[in-house]
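Trainee: Below, each chain spelled out in residue letters.
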Amino acid sequence: MEANRSGRLRDSLHDWVGDWGGVTIDAFSAIGDMALFAWSTLYWLVSRRPRRGTLLPILYQVGVLSLPVVALTGTFIGMVLAVQSFFQFQQLRMETRLGAVINMTLARELGPVLAATMLAGRVGSAMAAELGTMRVTEQIDALSSMGTNPIHYLVVPRFLAFVMLIPALTVMAVFMGVVGGYFYSVVILGIDKHHYLYNTREFVGSWDLFYGLAKSVFFGIAMAIVSCYQGFNCTAGAEGVGKAATAAFVHSFVLILLLDLMLGISLDAVYFALWPEGSSLF
Amino acid sequence: MMMNALPPTQEQLDRPLIQVHDLSVRFGQQEVLRNINLSIPRGQSMVVIGESGCGKTVLLKTLIRLIAPTRGSVHFDGQDLAKLSEKELTSQRIRCGYVFQNAALFDSMTVGQNVSFPLRQHTNMSDREILERVRARLAEVGLPDSAMKKKPAELSGGMRKRVGLARALIMEPELILYDEPTTGLDPIMSDVINELMMRTRRHYSVTSIIVSHDMRTVRRVADRVVMICPVPRLQPGEPQMIFDGPPSELERCADRRVAQFVRGEAGERLMELRGSAAISA
Chain W
1282 MEANRSGRLR DSLHDWVGDW GGVTIDAFSA IGDMALFAWS TLYWLVSRRP
1332 RRGTLLPILY QVGVLSLPVV ALTGTFIGMV LAVQSFFQFQ QLRMETRLGA
1382 VINMTLAREL GPVLAATMLA GRVGSAMAAE LGTMRVTEQI DALSSMGTNP
1432 IHYLVVPRFL AFVMLIPALT VMAVFMGVVG GYFYSVVILG IDKHHYLYNT
1482 REFVGSWDLF YGLAKSVFFG IAMAIVSCYQ GFNCTAGAEG VGKAATAAFV
1532 HSFVLILLLD LMLGISLDAV YFALWPEGSS LF
Chain S
866 MMMNALPPTQ EQLDRPLIQV HDLSVRFGQQ EVLRNINLSI PRGQSMVVIG
916 ESGCGKTVLL KTLIRLIAPT RGSVHFDGQD LAKLSEKELT SQRIRCGYVF
966 QNAALFDSMT VGQNVSFPLR QHTNMSDREI LERVRARLAE VGLPDSAMKK
1016 KPAELSGGMR KRVGLARALI MEPELILYDE PTTGLDPIMS DVINELMMRT
1066 RRHYSVTSII VSHDMRTVRR VADRVVMICP VPRLQPGEPQ MIFDGPPSEL
1116 ERCADRRVAQ FVRGEAGERL MELRGSAAIS A
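Chains as they are written, first to last, in our numbering: chain W, 1282 to 1563; chain S, 866 to 1146.
Worth flagging that the hints you see were computed from the coordinates, not collected in a lab.
For each residue, glycine too, the CB sits at the ideal point set by N, CA and C.
A hint or two may mislead.
Claimed, not checked - DEER-style ranges, computed between Cβ atoms:
id	chain 1	residue 1	chain 2	residue 2	range
1	S	Met990	W	Ala1407	10 to 20 Å
2	S	Pro1009	W	Ala1495	50 to 60 Å
3	W	Val1327	S	Met990	26 to 36 Å
4	S	Gly1022	W	Val1327	51 to 61 Å
5	S	Met974	W	Ala1495	54 to 64 Å
6	S	Gln894	W	Gly1518	32 to 42 Å
7	W	Ser1293	S	Asp1109	29 to 39 Å
8	W	Leu1317	S	Ala1004	40 to 50 Å
9	S	Asp1109	W	Leu1290	29 to 39 Å
10	W	Gly1521	S	Leu1135	55 to 65 Å
11	W	Tyr1324	S	Gln986	13 to 23 Å
12	W	Phe1464	S	Glu951	24 to 34 Å
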């Protein structure tokens, strides 16, 4: 009886270790595979320029077509920030400080994160589905068979489009958020215009904008690699394509949040190393 | 051949175009190809037959390194593909044309753009030269000029296969690989594709490797037939290639599996089916 129980315990312990071992090996293997994919993208990026014919349609898809949704999101987030903060600040009779809070939050945090999230949802998952369909229908093999490297032809233009255009989309999100926040605070809530703008100028500097834009470039790199990797490694069938699209968005989103935290800590460390007194030089 | 500046030497011409040594391919735990050895001379038309899932397409893709072998090597024109740089591999792949099972045409491009794709990628030809060449290749496969502006989604299965063949021929390759060229087509269109494969061979003196399980294709186009058997169905130590010879020998082959395949008889598979039906009942 006792021996039976210890045998069962040993078996379940073996299963537990085996399961976790399997998960760990799979995770490391996927990370390694993605790192090799990123390395290959970097190699083709520097070794040969992409053709204009392949780059321009993707720039249009990533940049121009994403502009309305990014602008709309930015505007509403700016207004929502005003709605949510106004009551708290009014209690302290500091409602004119809303300008500083809204605009700094937008420039440093919400602008880049929202632009990246919108892009991951609108373009990243569609890109994974498109490349996944190409993988499933052997179009990627067809490229290789005709002597065209699929990473150079398909991934490099998408990577460049993300990295080049995400800062522009972030600027758009921030700008529209600033406009939305100003409109709600000054026109709807009736906060004094002069003090609103004065406080914004006093507390929000070029460093804050740089901070957001620097983060957005890293978000763009991560999203491009994750989305293209998921498409290239899509499993067969409609289910495989659907899974690739979902995984592209979920993994991109998690990576955006993770990078946001790590870059926030690193950029703050840089800032305080450069200006220990904590004041803006700009 | 368009891409080679110098004519081939006699030694090069005598050398087999493809040599496969002890080729094995494994995906995870699943062994698909085991110790395949093949030597394919120039100009030969070889058909690879075998039941679905036996590894025919994997073998075809391994020949131009779309799939890297787990073990063994593939030599194309004397060069080990595994030892080539990306650039060298590209120049070898341009010497091959690949007709995919479902044509694998690029959805976002028109027929004309699909067929001209390799020329735009690898040559400096003018638009007019490219257009002329595309028209000529489409005419060879029996498609009118009006097809050039159509998208692949607007084409029938037979037309897609013919566009795929035109695209594979556009660089005037030395080797053409056909992956189940007649699968999913009606008998008349299958005959058209068989005729096109024979014409292509006559016009371009190409080496052809055709993966098929259509015995009409085998009888019409093959000089040589190779039959491979799924690894799980092999006896211990048995080679995976269970037949290698001219098509006329197929009927006389002593191996029961080859005879069954040629005649389209399920044989012991029916017994397996009855056995599983009895278990589920």
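Trainee: Do the beta carbons of glutamine 894 of chain S and glycine 1518 of chain W sit within 32 to 42 Å of each other?
Mentor: Violated, at about 21 Å.
Trainee: Just to be sure I understand the hint, the distance between the Cβ atoms of aspartate 1109 of chain S and leucine 1290 of chain W should be within 29 to 39 Å; is that true here?
Mentor: Violated, since aspartate 1109 of chain S and leucine 1290 of chain W (Cβ atoms, about 56 Å apart) do not stay within the stated range.
Trainee: For the pair glycine 1022 of chain S and valine 1327 of chain W, does the Cβ-Cβ distance stay inside 51 to 61 Å?
Mentor: violated (42 Å)
Trainee: Assuming the hint says 26 to 36 Å, is it satisfied by the Cβ distance from valine 1327 of chain W to methionine 990 of chain S or not?
Mentor: For methionine 990 of chain S against valine 1327 of chain W, whose Cβ atoms are near 28 Å apart, the range 26 to 36 Å holds.
Trainee: Quick check on a hinted range of 29 to 39 Å for serine 1293 of chain W and aspartate 1109 of chain S, using CB atoms only.
Mentor: With a Cβ separation near 52 Å, serine 1293 of chain W and aspartate 1109 of chain S fall outside 29 to 39 Å, so the hint is violated.
Trainee: Does 55 to 65 Å hold as the CB distance between glycine 1521 of chain W and leucine 1135 of chain S, or does it fail?
Mentor: violated (33 Å)
Trainee: Could you see if the CB distance from leucine 1317 of chain W to alanine 1004 of chain S stays within 40 to 50 Å?
Mentor: Holds, since leucine 1317 of chain W and alanine 1004 of chain S (Cβ atoms, about 44 Å apart) stay within the stated range.
Trainee: Is the distance from the Cβ of methionine 974 of chain S to the Cβ of alanine 1495 of chain W consistent with 54 to 64 Å?
Mentor: violated (38 Å)
Trainee: Taking the beta carbons of phenylalanine 1464 of chain W and glutamate 951 of chain S, is their distance inside 24 to 34 Å?
Mentor: violated (54 Å)
Trainee: Is the distance from the Cβ of tyrosine 1324 of chain W to the Cβ of glutamine 986 of chain S consistent with 13 to 23 Å?
Mentor: holds (19 Å)
Trainee: Look at the Cβ atoms of methionine 990 of chain S and alanine 1407 of chain W and judge whether their distance stays inside 10 to 20 Å.
Mentor: For alanine 1407 of chain W against methionine 990 of chain S, whose Cβ atoms are near 34 Å apart, the range 10 to 20 Å is violated.
Trainee: Does the hinted range 50 to 60 Å hold for proline 1009 of chain S and alanine 1495 of chain W at CB?
Mentor: At roughly 56 Å between Cβ atoms, alanine 1495 of chain W and proline 1009 of chain S fall inside 50 to 60 Å, so the hint holds.
In this structure, the hints that do not hold are numbers 1, 4, 5, 6, 7, 9, 10, 12, in rising order.
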